[in-house]
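These protein sequences, in sequence, are chains G and U.
Per our numbering, the very first residue in the first sequence carries number 26; after that it's consecutive.
Per our numbering, the very first residue in the second sequence carries number 26; after that it's consecutive.
A hint or two may mislead.
Because identical chains share one entry, a pair is satisfied inside a single copy or across any pair of copies.
As the list claims (entries may be wrong) - List of simulated lysine-lysine pairs, BS3-like, C-alpha gap at most 25 Å:
{"#": "1", "residue 1": "K101", "residue 2": "K116"}
{"#": "2", "residue 1": "K116", "residue 2": "K413"}
{"#": "3", "residue 1": "K378", "residue 2": "K91"}
{"#": "4", "residue 1": "K415", "residue 2": "K260"}
{"#": "5", "residue 1": "K86", "residue 2": "K529"}
{"#": "6", "residue 1": "K493", "residue 2": "K86"}
If you're looking for bench data, these hints aren't it; they were derived computationally from the structure.
Nothing here was measured: the structure is a model prediction, and the numbers come from that model.
Protein chains: 2
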Amino acid sequence: MSKAKTAITPVRAENYPEWYQQVVRAADLAEPSPVRGCMIIKPWGYAVWERVQSVLDGMFKATGHKNAYFPLFIPKRFLEQEAEHVEGFAKECAVVTHHRLEAGPDGGLVPAGELDEPLVVRPTSETIIGEAFSRWVESYRDLPLLINQWANVVRWEMRTRLFLRTSEFLWQEGHTAHATEAEAREHTQRMLDVYAEFCEDWMAMPVLRGRKSEAERFPGAVDTLCIEAMMQDRKGLQAGTSHFLGQNFARAQDIVYLSEQGEREHAWTTSWGVSTRLIGGLLMTHSDDDGLVLPPRLAPAHVVIMPITFKADDPDSVLSYCRKLADDIRSQHWLGRPLEVELDERDIRGGEKTWSWIKKGVPVRLEIGPRDMESDSVFMGRRDKSPKDKESIGREQFLSNIQSILEEMQQGCFDRALAFREEHTHDIDTREDFESFFASPEGDPTPIHGGFARTHFCGDRQVEEQIKNDLGVTIRCLPLEGEDDPGTCPFTGQPSTQRVTWGKSY
Amino acid sequence: MSKAKTAITPVRAENYPEWYQQVVRAADLAEPSPVRGCMIIKPWGYAVWERVQSVLDGMFKATGHKNAYFPLFIPKRFLEQEAEHVEGFAKECAVVTHHRLEAGPDGGLVPAGELDEPLVVRPTSETIIGEAFSRWVESYRDLPLLINQWANVVRWEMRTRLFLRTSEFLWQEGHTAHATEAEAREHTQRMLDVYAEFCEDWMAMPVLRGRKSEAERFPGAVDTLCIEAMMQDRKGLQAGTSHFLGQNFARAQDIVYLSEQGEREHAWTTSWGVSTRLIGGLLMTHSDDDGLVLPPRLAPAHVVIMPITFKADDPDSVLSYCRKLADDIRSQHWLGRPLEVELDERDIRGGEKTWSWIKKGVPVRLEIGPRDMESDSVFMGRRDKSPKDKESIGREQFLSNIQSILEEMQQGCFDRALAFREEHTHDIDTREDFESFFASPEGDPTPIHGGFARTHFCGDRQVEEQIKNDLGVTIRCLPLEGEDDPGTCPFTGQPSTQRVTWGKSY
């Protein structure tokens with residue numbers, strides 16, 4: 026059988042990293058910028074981010090959080106307050122040292138007005154928000170304090186990839202303070218659950234909920250919970266983290282409250298975040314060799330209507346039919362919002378037009394010409410079917426079915442992704458099996474192999490480091506569901522309390 | 026008559042600038058941060074900004090714009106491309122020169138990893154977005170290109186005031202490219218009209234639409250249109266600007282398209298923005314000596330319910346009554362959104378609780394105790410009436426009337442502000458009258474005086490500069506409505522084509 030023609034070259038099996046870049050480009054999601062490591066998020070990519078923001082923001086508010094906004098700049102001394110934290114972020118941060126440019130000796134502009142203290146562009150805001158919390162929290166009545174911020178952050182990355190790892194990215198960061206350890210731990214878990222619910226119900230991306238090993242923990246945290254997803258190259262993607270910070274930051278920053286008993290106590294804090302990285306995860310979970318596939322719940326447009334007027338006696342009547350149809354679709358609410366429709370009247374070839382929407386991942390495409398109008402029907406293509414597999418259905422029937430079609434496609438995205446993850450997740454009990462599971466097939470520059478390996482593990486940090494160096498494999502997480510399942514570590518023969526999940530990762 | 030007790034000290038008439046700071050604090054809108062010139066926008070202030078964003082974003086989308094996101098950093102050479110532009114912004118910008126911190130000789134951290142080229146934290150994004158446009162625009166089919174960005178920007182201000190002038194602020198910046206001058210000029214005007222509509226219909230803040238004099242123009246623009254509002258100290262506030270950039274940036278950045286006739290042409294561009302400064306304007310337009318007054322359409326909460334249970338035999342039944350009432354209010358949609366209700370169950374004194382919501386500007390307050398419950402009624406206070414002027418009305422009646430109450434309050438805000446502006450706007454025809462209009466009453470440290478003076482003006486830039494130096498008064502705008510009304514300039518005796526509006530300003 027000859028190879029089917031695809032919209033994306035190379036296909037996933039040939040060169041997955043390059044396929045990823047090509048899908049981003051073909052869907053017009055984002056592009057590199059002339060500023061090292063920073064990306065430009067183009068309108069279609071930003072529209073997906075707006076959907077992500079809107080849903081998550083509602084979930085944060087429903088769990089009692091309020092949004093606020095804190096400074097972009099962090100004074101150097103703030104970053105220095107928590108030892109592990111500064112260690113983790115000082116190596117890769119943008120440092121502001123001057124506050125103007127002035128003409129230099131050769132006529133060009135040079136930095137001038139040196140600051141007394143350098144400012145760091147926030148890589149994360151525990152320190153600057155903690156300072157505010159130390160002033161906002163006085164008594165137990167002020168707790169819990171539940172704050173979220175939508176913001177840009179900067180971490181000076183040397184090797185960047187659109188959405189997955191960029192020097193500047195957009196994210197939300199939640200920061201909370203609580204009166205007791207138990208309450209703070211519970212909140213850390215609650216927000217992990219919010220993330221997992223969002224990823225599974227909205228992004229149709231199944232995630233493992235787990236705990237990070239000590240080596241992978243957030244700098245300054247006592248405990249880092251995470252959600253991990255498997256991409257189609259079987260690598261893991263850390264999709265979100267929720268940190269229990271204990272009293273580390275509260276002690277460093279003097280976040281103290283007067284308890285009901287009149288005692289001065291340090292608060293217990295948490296922080297948690299997800300970023301534009303999610304869009305990379307969305308892409309790699311669902312897309313195919315024809316481009317982006319959007320789970321309908323996060324699609325900026327659910328339906329695109331393409332009028333076909335070149336053979337029409339009366340093009341205007343076809344356009345009117347299409348506009349009326351667009352209005353009828355928009356008048357339907359799905360999940361609390363009007364259905365979104367693009368009406369594409371661009372004067373370009375029909376094939377080019379159709380493929381542009383396939384590559385952008387719009388769930389449902391309608392091509393409508395004079396004959397469809399005459400028979401009061403629509404000619405429908407679905408992103409979950411072959412590009413050539415289209416069907417004619419009555420307009421009324423389409424209007425009654427569109428929501429169930431979208432629900433079916435949403436479920437299909439999730440089911441396929443879950444089946445894929447399960448297929449490539451294995452319990453492994455010997456070092457030999459582990460090594461051969463992750464060993465690269467020889468001679469293939471971009472092999473897709475391996476997956477998630479679940480092994481017992483004794484917890485030895487040096488062993489973990491050795492495996493990372495030898496195989497490029499890390500502990501993605503200690504799954505929360507698998508706790509309390511004793512066994513023997515295949516690497517050391519030592520006892521283990523649970524299986525951990527290993528994988529290569531982004 | 027003895028002075029009435031007010032929640033804010035000092036009152037407006039005593040010390041307006043200090044009153045402003047105290048209202049910001051009493052309403053818990055924002056606070057200074059430990060980072061020079063940067064503010065922390067607290068949840069109540071941020072919630073107002075979210076309302077502003079949500080309405081404006083809808084208006085931008087309805088006029089065909091799409092959101093995107095561009096890098097925070099601008100390479101120095103980009104800023105240098107447009108001569109006036111760099112002149113305008115180089116003097117006050119945050120400059121990133123290093124990309125990490127490392128241990129210095131005395132153990133503290135010092136900047137390291139010097140960049141080859143300094144980066145400027147964006148003060149505005151014409152240059153970085155123009156670079157993208159130069160790649161995105163190829164043919165006339167790509168025009169108009171209508172993009173908006175929600176972002177933070179930094180301008181290193183020496184004298185800052187919360188919301189009105191801060192080193193970092195939040196804003197939106199629209200950037201568009203067009204095929205013809207006429208179309209770009211029309212778009213510049215269209216977006217000014219969008220801003221004016223937003224300010225008047227949503228913020229209840231009347232604005233003058235006008236053109237900036239050459240001296241006040243945006244650096245790099247051919248023409249700057251603006252909206253100007255009068256605050257309660259009779260000073261002007263520039264609330265938004267819309268710039269016609271001609272081909273200045275297109276030439277500097279090579280934004281070129283192939284016309285229908287196959288010619289290579291420079292595009293015509295526009296940019297326009299409003300910022301968190303609007304919240305300062307909102308505050309100064311409507312607030313009174315008891316604190317913030319929110320026009321209902323932008324209030325984060327329309328109604329606050331305060332259960333009064335301390336004398337109740339059955340506090341739980343009062344709470345249930347209140348919760349049911351909150352749900353009934355929330356089930357009503359107003360302007361496409363559910364009505365927002367705060368149910369304040371805090372265990373603090375009733376007076377303190379009531380005053381906290383007065384100071385936050387919530388339009389309608391309901392105090393509900395056992396007797397209100399028994400009579401199936403609510404005890405209502407309105408932010409546009411005296412704090413003591415409350416009335417009992419039936420619950421059902423309240424529920425049927427709440428939307429018209431809010432509309433009435435919204436209209437009242439606008440009408441009062443318009444009457445105030447008209448009262449303090451005068452046509453002035455001699456230099457003597459002009460000087461005495463703006464002269465400070467002697468002996469009063471914080472006088473409220475002057476207003477908007479409408480005079481003819483010959484357009485001489487030196488005269489304008491002299492008046493600014495002598496009186497601290499600038500041309501707020503050349504009103505668009507007053508064009509083509511010839512007369513004589515009172516300062517030079519030269520002919521004038523229209524009256525211009527002068528004022529002191531923020």
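These are the hints, each one checked on the structure:
{"no.": "1", "hint": "K101 / K116", "verdict": "both (13 Å within a copy, 23 Å between copies)"}
{"no.": "2", "hint": "K116 / K413", "verdict": "neither (51 Å within a copy, 59 Å between copies)"}
{"no.": "3", "hint": "K378 / K91", "verdict": "between (43 Å within a copy, 20 Å between copies)"}
{"no.": "4", "hint": "K415 / K260", "verdict": "neither (34 Å within a copy, 64 Å between copies)"}
{"no.": "5", "hint": "K86 / K529", "verdict": "neither (35 Å within a copy, 41 Å between copies)"}
{"no.": "6", "hint": "K493 / K86", "verdict": "neither (39 Å within a copy, 48 Å between copies)"}
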